[in-house]
Amino acid sequence: MKIKRSLSILLVVMMLITVVAGCSKNDAGNSTDGKVTLTFGLWDKYQEPIMRELADMYEAKNENIKIDIQLTPYGQYWTKLETAATGEVLPDIFWINGPNIVKYAANDMLVPLDELVESNNIDLSVYPEGLIDLYTVEGKLYGIPKDWDLTALWYNKKLFDEKGVEYPNENWTWDDMVEAARKLTDKEKGIYGIASRPDTQEGIYDTIPQAGGYIISEDRKTSGYDTKEALEGTKIWIDLLEEGLSPTLEEQADTNAIELFKGEKVAMVYAASWNVPVFMENEIIKDHIDLTVMPLIKERAATIHGLSNAIAANSKHKDEAWDFVKFLGSKEANEVWAKSGAVIPAHKEVLDIWESSYPDINLKAFVDELDYAVMYPVSMNTSKWNDVETEYIKQMWNRGITVEEGLKKIAELMNEALTKEQ
Amino acid sequence: MKANTDIKNNQNNKALKASGKRKLNDLFWGYLLILPTVLGLAVFYIAAFFQNLYYSFTNLGAFGKYKWVGMENYINVFSDPKVPQALINTVKFTVISVPISIIISLFIATLLNSKIKGLSLYRTLYFLPAVTMPAAIAMMWKWLYNGQYGLLNQLLAKVGIEGQAWIADPKFAMGALIVVGIWSSLGMKIIYFLAGLQGIPKAYYEAATIDGAGPIRQFFSITLPSLTPTIFFVMITSLIGALQMFDLIFLMISKTSLAVDSTMSIVYLFYKYAFEFQEKGYASAISIVLFMIILVITAIQLKLQKKWVNY
Amino acid sequence: MKEISSNKKRMQINKIIIHLLLILGAIITIIPFVWMILTSFKTLGESTIIPPTIFPKQMQWENYKEAMRTLPYGKFYFNTIVYTMLTTIGQIVFCSMAGYAFARIDFKGKNFIFVLILSVLMVPGQIFLIPQFMIMKKLGLLNSITALVLPGLFSAYGTFLMRQFYMGIPKELEEAARLDGCNHFTIFWKIMTPLVKPGIAALAITACLYCWNSLMWPLIVNTSIDKMTLSAGLSTLSGQHGTNFPVAMAGTVLAVWPMIVLFAIFQKHFVEGMASTGSKS
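Top to bottom, those sequences are chains A, L and R. Numbering that gives the first Met the number 0 applies: residue 0 is where the first sequence begins, and numbers increase by one. Numbering that gives the first Met the number 0 applies: residue 0 is where the second sequence begins, and numbers increase by one. Numbering that gives the first Met the number 0 applies: residue 0 is where the third sequence begins, and numbers increase by one.
Just so you know, the hints here were simulated from the structure itself, not pulled from any lab data. Yeah, the Cβ is synthetic: ideal placement off N, Cα and C, and Gly gets one too. Among the clues, some could well be false.
Here chain A is said to cover these stretches of chain L; the calculated rule only asks that three of the stretch's residues, wherever they fall, bring their Cβ under 8 Å from a Cβ of chain A [as the list claims (entries may be wrong)]: (1) 50-63; (2) 143-152; (3) 247-257; (4) 263-275.
Can you build the whole structure from these sequences, using the hints too?
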């Protein structure tokens, strides 16, 4: 008994020692065989295989480079990145998005790319202008665009046919859409014409600029929510709710507009381009849906967002990292993205390949919207006022407060947050 | 070996000297046995705790940069309207879920401690929620609660009750979360109680049976008093756990839901400020306020335990 | 004779009542599990139709293949087992030592240290993330199993739990041992610890669950997916714009079953010898 016990203790101690000794040497970074390992941080499980493919392509051409892809789910990505940044061990290259770019760039966490772009003769005009603007902070560029997304008007042809309504087209105005929604709404069947979404990028971020307004001023110092245009761009959504053409906020609470569209409970929906695979892999709707550009309000506009590849300021291999980022921005690499159909590649010259990834639907609508795309609104501490937006959008959509009150409140609190940033 | 002879000597020596030596001996063994834990906790937790206390007086933002701001954060905590709201929600959750879950799990544990067939199957079934990841629990319950598709509303419809959007409606959301909170914590509590029940000497029951005490009297006169150290542990830890509830809201209530305000807990608020808004200094102050509240409650419990816990 | 038979009858009725109560409770407990398993066999479309189908129209084993294909479950299991074993053993050893000292030895500063340890439980766990990460970085341990395991070896919760169990042991035992000339270590190791075996079992389960459920720490100290634990790896299934529920549920089922099997085996072991304590009536 005693021997058995001592043995088991010994075993435990040995195991602990082995693990402590054995695993601590696993430090990634410079390998012994002269290869440089570049770490690459991203968050999307479904894009990871494509990223791996690109990394393999690059590794084949550059034998001294090894690319180590680090996947962290979106829910934990920013916390992890921030922890890594505090410890100065950010991945050499990583995905960054609009809401976080200013924070990382202004805190000197990223390598400015302008000089590198210039000395390498990179043509930035192949990328959407709105994206280059988005990733330019205080006059310096901090990321090479990887992909972009825009919102379009999606519709269910079956529901249109049932009511004998003509399909939406690129010349539609907002009023045309409302008119169609009236005909499509069928209370008895529980079907609504359109979903009025309490959303930003798939909602007011588009309609406010379309009404001639803006969300944040160009110097990122003042809110645009207290303008007449913002009121118009928001009110039109609330009108849809008031007329009963859209599911109420409560009805969208458990099952959001995207789910309702997939379940054929709404005939039209404003949905961003990341929904393309979501919709097209849904057996119920994939054969009878299509899309077109968002209807005209006063002017054409669409808020563009996209991801960039950024290089960490703490990287020990900045030159190698830049070379890989350059490769990822090339037409060749963008072609791989285009063929995958997973996202809309940033490089303009490969868009036709992407358009044909689902030949049955009018993906060209997204490309058409590029012509009038406007920058996604961000600032230093974007999430602070994003929270304000969410809070009051919810209340306006629930019609607990009027649109006027809601927007005034957003503008007030957003301006307060923006002043604090200075 | 040395300690052994020490004790032997003690018995022969004068009482005073003996007690002095014993004290020294106790001191030595006490510190030796707690050394690894204290050292480990000090390095990985207690140091961070004091660092957090320090940060609560700074404007710590993203990436570890900060300036000293004195009491400003604390003044803000007490003027922030979100704090009392979150406090009320947290207290509501705690006050309802803790007693109910303790009573239910104690009851089930007692049943599971009886001599019937199929015990191992029952125990495994009741253990199931404990092994499920919070994310999976949230996913399942979101399904069940779903206003349109949910099984709960389906069942209610069968008996003619109109369903609700349980976790989307501010009126019901907290109740719905409490149910999940109780449900998911039962498994572990039952295990603690089962473990505690085994420490009760059989002789107590044998004696009671001879005295003619029935099962219910035995429960109140033997089981319950003997189980008080375990009940005390479960009570303190579940109070602390409930006052720190976070996972459930984070996973079950979507940010665009109307029910956010009526379910927002203190730790959720802390999380939002620390990791979303990059106001870590302020978040630290919130966490210190919460710490004070829990400390006071625990201190009261520790004092009161002498009245009812039998060691 | 008659009295005995009526007594037996009463016991029989008692047993039936106990069974009924337990079955009712068990049903309520397992409904979400059953739902999870059923959903894991549905197509994405079927999982969202109104009204929901209870049984899948066709068993979609595809979901399991998909979940297996997208994630390296084998590695996840391995990492989780190593992580869990080391943590559990560490906690059992350290927590019972400290728990014994806090419960049964009188020494100066004990109460203060104990409250200090408890205070670790009273702040949100998230505050420890960044400081712990910085320590690991300074030690050069990032991206290692050591870093994953180290902070979890010490547990304030476990120390408290073990203290309570050591507290519950009658004083007479200790006094008798002291008179026999045992030192603290012998009392602790030979006399007391065998008596708190149920407590140790409960601690072991708690430690296992802690490892099983921890998400943020594995994701933060590890950078490669090959070093992820189960729940951390599983979390990568949820995307930025919505989650494929049936596949995620399939992934969850795959992740949870070993734990359930383990418990089913061990629960017998850890409740052995107690079966009759409660109802010797």
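Verification of the hints:
A stretch counts as covered by a chain when three or more of its residues have a beta carbon under 8 Å from one of that chain; for the region 50-63 of chain L and chain A the count is 3, and the coverage holds. For the region 143-152 of chain L, the proposed coverage by chain A is satisfied: 6 residues have a C-beta within less than 8 Å of a C-beta in that chain, meeting the threshold of three. For the region 247-257 of chain L, the stated coverage by chain A holds: 5 residues have a C-beta nearer than 8 Å to a C-beta of that chain, and at least 3 were required. For the region 263-275 of chain L, the assignment as covered by chain A holds, since 3 residues bring a beta-carbon within under 8 Å of that chain's beta-carbons and 3 suffice.
Consistency with the previously given hints is maintained throughout, with no hint failing.
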